[in-house]
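Asks: These are the residues of each chain, in order.
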Amino acid sequence: MIFQNNFTVRTTGRGMTDITGRIEEIVQQSVLRTGLCHVFIQHTSASLVLCENADPAVRGDLETFMGRLVKDGDPIFRHDTEGRDDMSAHIRSILTDSSLNLPISNGSLALGTWQGVYLYEHRTSPHDRHILVTVFGK
Amino acid sequence: MIFQNNFTVRTTGRGMTDITGRIEEIVQQSVLRTGLCHVFIQHTSASLVLCENADPAVRGDLETFMGRLVKDGDPIFRHDTEGRDDMSAHIRSILTDSSLNLPISNGSLALGTWQGVYLYEHRTSPHDRHILVTVFGK
Amino acid sequence: MIFQNNFTVRTTGRGMTDITGRIEEIVQQSVLRTGLCHVFIQHTSASLVLCENADPAVRGDLETFMGRLVKDGDPIFRHDTEGRDDMSAHIRSILTDSSLNLPISNGSLALGTWQGVYLYEHRTSPHDRHILVTVFGK
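Protein chains in written order, with our numbering: chain D, 6 to 143; chain F, 6 to 143; chain U, 6 to 143.
The set of hints was computed from the structure by calculation and includes no laboratory data. Some hints here could point you the wrong way.
Derived DSBU-like pairs (lysine-lysine); straight-line CA-CA distance at most 35 Å [to be verified]:
{"#": "1", "chain 1": "D", "residue 1": "K76", "chain 2": "U", "residue 2": "K76"}
{"#": "2", "chain 1": "U", "residue 1": "K143", "chain 2": "F", "residue 2": "K143"}
{"#": "3", "chain 1": "D", "residue 1": "K143", "chain 2": "U", "residue 2": "K143"}
{"#": "4", "chain 1": "F", "residue 1": "K76", "chain 2": "D", "residue 2": "K76"}
{"#": "5", "chain 1": "F", "residue 1": "K76", "chain 2": "D", "residue 2": "K143"}
{"#": "6", "chain 1": "U", "residue 1": "K143", "chain 2": "F", "residue 2": "K76"}
Partner residues aside, some chain F positions facing chain U, computed with beta carbon under 8 Å [said to hold, decoys possible]:
{"#": "7", "residue": "F45"}
{"#": "8", "residue": "T86"}
{"#": "9", "residue": "L114"}
What follows is a list of derived Cβ distance ranges for each label pair [as the list claims (entries may be wrong)]:
{"#": "10", "chain 1": "F", "residue 1": "G112", "chain 2": "D", "residue 2": "M6", "range": "47 to 57 Å"}
{"#": "11", "chain 1": "F", "residue 1": "G78", "chain 2": "D", "residue 2": "E30", "range": "46 to 56 Å"}
{"#": "12", "chain 1": "F", "residue 1": "H135", "chain 2": "U", "residue 2": "D85", "range": "40 to 50 Å"}
{"#": "13", "chain 1": "D", "residue 1": "P80", "chain 2": "F", "residue 2": "S110", "range": "34 to 44 Å"}
{"#": "14", "chain 1": "U", "residue 1": "K143", "chain 2": "D", "residue 2": "S113", "range": "37 to 47 Å"}
{"#": "15", "chain 1": "F", "residue 1": "S110", "chain 2": "U", "residue 2": "P80", "range": "26 to 36 Å"}
{"#": "16", "chain 1": "U", "residue 1": "P80", "chain 2": "F", "residue 2": "K76", "range": "18 to 28 Å"}
{"#": "17", "chain 1": "D", "residue 1": "I81", "chain 2": "U", "residue 2": "R73", "range": "16 to 26 Å"}
{"#": "18", "chain 1": "F", "residue 1": "Q34", "chain 2": "D", "residue 2": "R15", "range": "31 to 41 Å"}
{"#": "19", "chain 1": "D", "residue 1": "K76", "chain 2": "U", "residue 2": "P80", "range": "32 to 42 Å"}
{"#": "20", "chain 1": "U", "residue 1": "G112", "chain 2": "F", "residue 2": "G112", "range": "22 to 32 Å"}
{"#": "21", "chain 1": "F", "residue 1": "G78", "chain 2": "U", "residue 2": "P80", "range": "24 to 34 Å"}
Since the model is a prediction, treat every value here as computed from it, not as a measurement. Glycine residues also receive a C-beta, built at the ideal position from the N, C-alpha and C atoms.
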């Protein structure tokens with residue numbers, strides 16, 4: 006059995022949005038018991054991460070780290086069509102993930118206790134981000 | 006339904022090669038309508054990336070960034086059997102991706118408008134790189 | 006056909022453990038000939054990597070590189086509930102992989118000659134790490 010669904014997230018600019026619940030809903034719709042859930046973001050300046058979900062400081066520290074590692078407006082960048090955060094957003098996306106594969110067991114996402122699924126917006130302004138979810142199994 | 010095929014790319018040294026068309030061909034061969042396409046590179050010094058496909062400067066900037074982040078011949082590296090670009094190629098591969106999972110909808114890759122699939126050669130000399138594609142769905 | 010199994014690895018602190026054999030065993034149990042093997046780690050401070058498997062210096066150099074890129078106890082980190090290696094472990098996990106998808110051909114993992122599958126422990130103390138493997142195909 007294979008099942009696809011999609012949703013759009015309106016981000017509020019750079020930062021992480023928890024989408025674990027949205028994905029679990031699609032797993033429930035599929036009524037599969039055992040399988041995999043593939044989550045795909047159809048963009049190159051926003052990405053997906055599995056991140057610790059208990060302490061918001063973890064997401065804050067990740068953002069601080071990424072902001073230092075990949076500097077907006079770095080003078081080595083030639084591509085700046087959409088501004089100082091354009092090229093840095095592409096690199097941040099590549100260093101994290103455009104898709105995640107999550108196991109399904111007993112009819113639910115089989116995540117670890119502290120794992121949450123986050124959409125990570127890398128542009129500083131709000132964007133509509135399209136997520137395509139493919140669930141398969143039995 | 007599950008279907009496997011493979012192809013080899015002769016790279017011209019460090020840099021990115023667009024393989025989106027090669028992968029779409031395999032999806033077409035499979036005649037699947039809904040599913041996933043798994044692309045796997047059987048090497049540890051070349052990798053795969055989903056990257057912006059409109060402005061070549063994006064790939065240039067990504068390469069400049071990676072070259073600064075992971076320095077060839079970094080004195081901290083002990084492994085240099087195949088030269089100054091040997092260990093840096095392994096690290097670049099790990100920071101990017103060895104496999105990609107791409108959704109298939111309506112019989113085609115369901116990529117975003119600006120997403121291209123690239124083989125990223127990290128060695129400075131040309132290599133033959135083997136890609137194994139597994140397509141499944143209905 | 007879809008098949009799930011799991012195992013736990015007791016790590017000895019920061020570093021890499023080869024789990025290729027454990028995963029190949031599960032592929033053999035499944036008796037599948039063609040498909041994919043999804044390996045998932047249910048933690049956010051340990052991860053998975055596909056890495057060169059011939060020269061142990063490669064894993065040593067990767068660790069040296071990661072230790073310099075993501076500093077334990079970096080003063081920019083606010084999250085330090087479990088110590089100086091807590092936040093750095095989360096970032097190292099995100100820069101590497103929480104899951105791997107490996108192709109199966111002719112009844113075995115279709116890895117390249119030099120590719121090994123490693124559990125990468127990022128905490129300095131030993132931990133029990135749970136791995137969930139989902140194999141599917143025909």
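Asks: Now look at each hint and say whether the structure bears it out.
Replies: Hints, one by one, checked against the model:
no.: 1; hint: K76(D) - K76(U); in the structure: 18 Å, holds
no.: 2; hint: K143(U) - K143(F); in the structure: 14 Å, holds
no.: 3; hint: K143(D) - K143(U); in the structure: 14 Å, holds
no.: 4; hint: K76(F) - K76(D); in the structure: 18 Å, holds
no.: 5; hint: K76(F) - K143(D); in the structure: 47 Å, violated
no.: 6; hint: K143(U) - K76(F); in the structure: 43 Å, violated
no.: 7; hint: F45; in the structure: 5 Å, holds
no.: 8; hint: T86; in the structure: 7 Å, holds
no.: 9; hint: L114; in the structure: 16 Å, violated
no.: 10; hint: G112(F) - M6(D): 47 to 57 Å; in the structure: 19 Å, violated
no.: 11; hint: G78(F) - E30(D): 46 to 56 Å; in the structure: 50 Å, holds
no.: 12; hint: H135(F) - D85(U): 40 to 50 Å; in the structure: 44 Å, holds
no.: 13; hint: P80(D) - S110(F): 34 to 44 Å; in the structure: 40 Å, holds
no.: 14; hint: K143(U) - S113(D): 37 to 47 Å; in the structure: 26 Å, violated
no.: 15; hint: S110(F) - P80(U): 26 to 36 Å; in the structure: 47 Å, violated
no.: 16; hint: P80(U) - K76(F): 18 to 28 Å; in the structure: 24 Å, holds
no.: 17; hint: I81(D) - R73(U): 16 to 26 Å; in the structure: 20 Å, holds
no.: 18; hint: Q34(F) - R15(D): 31 to 41 Å; in the structure: 38 Å, holds
no.: 19; hint: K76(D) - P80(U): 32 to 42 Å; in the structure: 18 Å, violated
no.: 20; hint: G112(U) - G112(F): 22 to 32 Å; in the structure: 30 Å, holds
no.: 21; hint: G78(F) - P80(U): 24 to 34 Å; in the structure: 30 Å, holds
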